[in-house]
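J.: Here is how the chains run, residue by residue.
Number of protein chains: 2
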Amino acid sequence: MPEPLKVGLAGLGTVGVSVVRLLEQGRAKLLARSGRAIEIVAVSARSRSKKRDVDLKKFRWFADPVALASDPSIDVFVELMGGAGDPAKRAVETALASGKPVVTANKALLARHGQKLAALAERNKVALNFEASVGGGIPIIKTLREGLNGDAFTRIYGILNGTCNYILSRMEQDRLAFDEILRDAQRLGYAEADPSFDVEGYDTAQKLSILASLAFGTKLDPNAIYVEGISSITLADLDAADELGYRVKLLGVAVKTEGGIEQRVHPTMVPKESAIAQVMGVTNAVTVDANGLAPITLVGPGAGGMATASAVVSDLADIASGVRTPPFGRPAARMTAMRKAPMQHHEGGYYIRLLARDRPGSAATIARRLAQQNISLESIVQRHEVGQGVQPGRSGKPVPVIMITYATSEDAVHKALAAVRRDRVISGRPQVIRIEKN
Amino acid sequence: MPEPLKVGLAGLGTVGVSVVRLLEQGRAKLLARSGRAIEIVAVSARSRSKKRDVDLKKFRWFADPVALASDPSIDVFVELMGGAGDPAKRAVETALASGKPVVTANKALLARHGQKLAALAERNKVALNFEASVGGGIPIIKTLREGLNGDAFTRIYGILNGTCNYILSRMEQDRLAFDEILRDAQRLGYAEADPSFDVEGYDTAQKLSILASLAFGTKLDPNAIYVEGISSITLADLDAADELGYRVKLLGVAVKTEGGIEQRVHPTMVPKESAIAQVMGVTNAVTVDANGLAPITLVGPGAGGMATASAVVSDLADIASGVRTPPFGRPAARMTAMRKAPMQHHEGGYYIRLLARDRPGSAATIARRLAQQNISLESIVQRHEVGQGVQPGRSGKPVPVIMITYATSEDAVHKALAAVRRDRVISGRPQVIRIEKN
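If you read the protein sequences in the order shown, they are chains P and A. Residues in the first sequence are numbered from 422 upward in steps of one, following our numbering. Residues in the second sequence are numbered from 422 upward in steps of one, following our numbering.
Honestly, the hints are just simulated from the structure, not real lab data. Keep in mind that a hint or two might mislead.
Note that the list lumps identical chains together, so a pair holds whenever it fits in one copy or between two copies.
The calculated lysine-lysine pairs, modelled on PhoX-like cross-linking and capped at a C-alpha distance of 25 Å, are [as the list claims (entries may be wrong)]:
hint	residue 1	residue 2
1	K858	K693
2	K450	K761
3	K640	K471
4	K858	K478
5	K640	K546
6	K478	K818
7	K427	K479
8	K472	K858
Sequences and hints are given; from them, build the entire structure.
T.: If you want it as structure tokens, here you go:
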């Protein structure tokens, strides 16, 4: 029987504590699978005295995670501290440089420094595993890295942030506004006190950059991503989407286009009968399209201590079994530069909701401005409030107009709406939501 | 640069030809991923003269697949002939015994001899990969074998046969009877001339036995599976399901119960809003439940040359990368005996549709027989045809009664319905469909 795999674990939040528990519970099964036991021998965290629901006495304590990372008593370093900077960065670098494989859930670190860390891992011939960094308990990293090797990917997209999906799902179900649901989500622990990292799409963007790199063999570039959050989504949008056969989801999308790789995070209308539209609450989902193949979708828990810990343990089991593949599927030196497709060239359908001033000619002006940009409409709904006893065009109140365009370009939509605003035929800012077809 | 991985391929049907094509197209990408090229060097098939859309001239031809399997010119043997017996069995055994890794799509062979073949592969320290045997292009084998190592699985279930799902989906959409859609499916190539292997559930059962073994670490036992096909499903059942908030799918289900592992294949009512209910047409889906985790669902193309070939190529890429794990996740010697939970102990909700004779007392008799078995009803719908101008209980025509039970046992349902039939208060055989909640 080989020696147990000795683990040093830095970071004892919800996920870290769940890893301690899962390794305990799964001892026999893990041994059967890998032929080698997996044992935590040392831990590190910011506070030693914090009350945690597991017994840490049997582990050596390190105040300094960087010291733990290179300690001779451990075979593998698990980084669950988070953050793109130190100490996470230095601890991971130190472990890899000391020839120790690393398991991390740190999407920020990978999005920013993934390329360099992968190269460092390869030079030292050790694994760098990060299943827990994207999609919690969904094995999407392994699937992209090892599972779909034959496929020529054309698009990858998904619901990568549970907080946003929870908020949008509850807005739809409870018919409440974004702010109200957000407050509730904060109370229930589904949203942070400062929710902007989640609701403005940055968390999704970091995860998307990791998936795009794995899918397309490109270098990571989170700054090449167009990012737009969900805080401007209203109940009126969700209702209109429902009526038109769509649901609104915050998606991260990476697509291979003629102009390069288009990466974007934004609220998106998806057809109601699509697999991704069924994903409600904190659940995550990722869909992969490949040339000549029907799409493959993975759905599962996107966050939560146990789901994320399960991914960490799975990565450890691979290390115990001696499985090692290049961190991003191909050697870091062979990852190609990300040729960024600019967002203004994005092509697709659009949902546009605007408030037309209720006077003769408004509708005609809007129609003319869209036509000037060669935008054709699949549908248009203009709704006067019923039962007011006032004739259309006379109430003085702005009238909601909802339009779905056929495929057009981002540029055309922006130009048309800028012209409409200059014409002063609408009130306020138009709402624009991109449509993603499956 | 290491030597290319030299492949011997036996079986040149749709999948085999697609493998030839995919390896050609994906050459550069596969090299980048594995650091090693993958090249077919020799092939074998029943007919050499059959017209195929790929150029086979550059490959050595073997009339005998068993001779190919041990030929020194190949590093790995790919078996795409099918069938649980020879030549597939002998060829795979020969390759493994010669120390050559094997990739196969042969579910029948694995369901019948998986245990022995896994032991043989381990003794010879070579891989036995079979991603293509279940769920076509969905990476479910790898996910169970390597991806969810930390999880204590409690249930695995899925839509594993594209033909059945295609038929059920089209019955619902086109409102046509089973026989009509089956004929159409045969014409379109979605069903075989002899469809019984698919529609009677045997194909699903073979696949389920593989998944159950991977999920629960048990020895394969396809004979321990309760099997029931879809040929008795009528439009009336689909309509009733729809009305009650369900859809009917042919599922393979393996559940850990106190009595052992329950394995069953049967038409199943699933809640309409569940992920699995959205899966239409030839698409497959597998859901995995684990202790303390939200379910994980994988959805994708279940069959088709390219999807299956993609799985084969993925298995080859793992071999090229030097990844080798025990075929069924744990060493064959550590796979535990399958303790079979008998079907009569199955517990769950049931849908029961029967034709009550239209005379006073029928309903009361049925209710009494169910009550005698402690079966409680969640809902009951009894429908007299409208506008016939005849009073209930007087038309002489049998009346459809549809019942949904709360959780009860298979045994109780059978006993109650046997009693009802003896009472002669119904016409014909009652229809029974099990309900699976997510």
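J.: Does each hint fit the structure? Answer for all of them.
T.: Now for the hints, and whether the structure bears them out:
1. Taking the closest pair of Cα atoms, K858 and K693 come within 25 Å of each other both inside a single copy (10 Å) and across two copies (22 Å).
2. In this assembly of identical chains, K450 and K761 lie within 25 Å of each other by CA distance solely across copies; the values are 20 Å between and 45 Å within a copy.
3. Taking identical chains as interchangeable, the C-alpha atoms of K640 and K471 are never at most 25 Å apart, the minima being 39 Å within one chain and 45 Å between chains.
4. Taking identical chains as interchangeable, the C-alpha atoms of K858 and K478 are never at most 25 Å apart, the minima being 53 Å within one chain and 42 Å between chains.
5. Within a single copy, K640 and K546 get their C-alpha atoms as close as 20 Å, which meets the 25 Å cut-off; across copies the closest is 36 Å, which misses it.
6. When the C-alpha separation of K478 and K818 is checked against a cutoff of 25 Å, the pair qualifies neither within a copy, at 69 Å, nor between copies, at 76 Å.
7. For the identical chains of this complex, K427 and K479 are intra-copy neighbours only, at 13 Å inside a copy versus 50 Å across copies, given an alpha-carbon limit of 25 Å.
8. Taking CA atoms no more than 25 Å apart as the test, K472 paired with K858 passes in neither setting, with 48 Å inside one copy and 38 Å between copies.
Hint check: violations occur at hints 3, 4, 6, 8; the rest are consistent with the structure.
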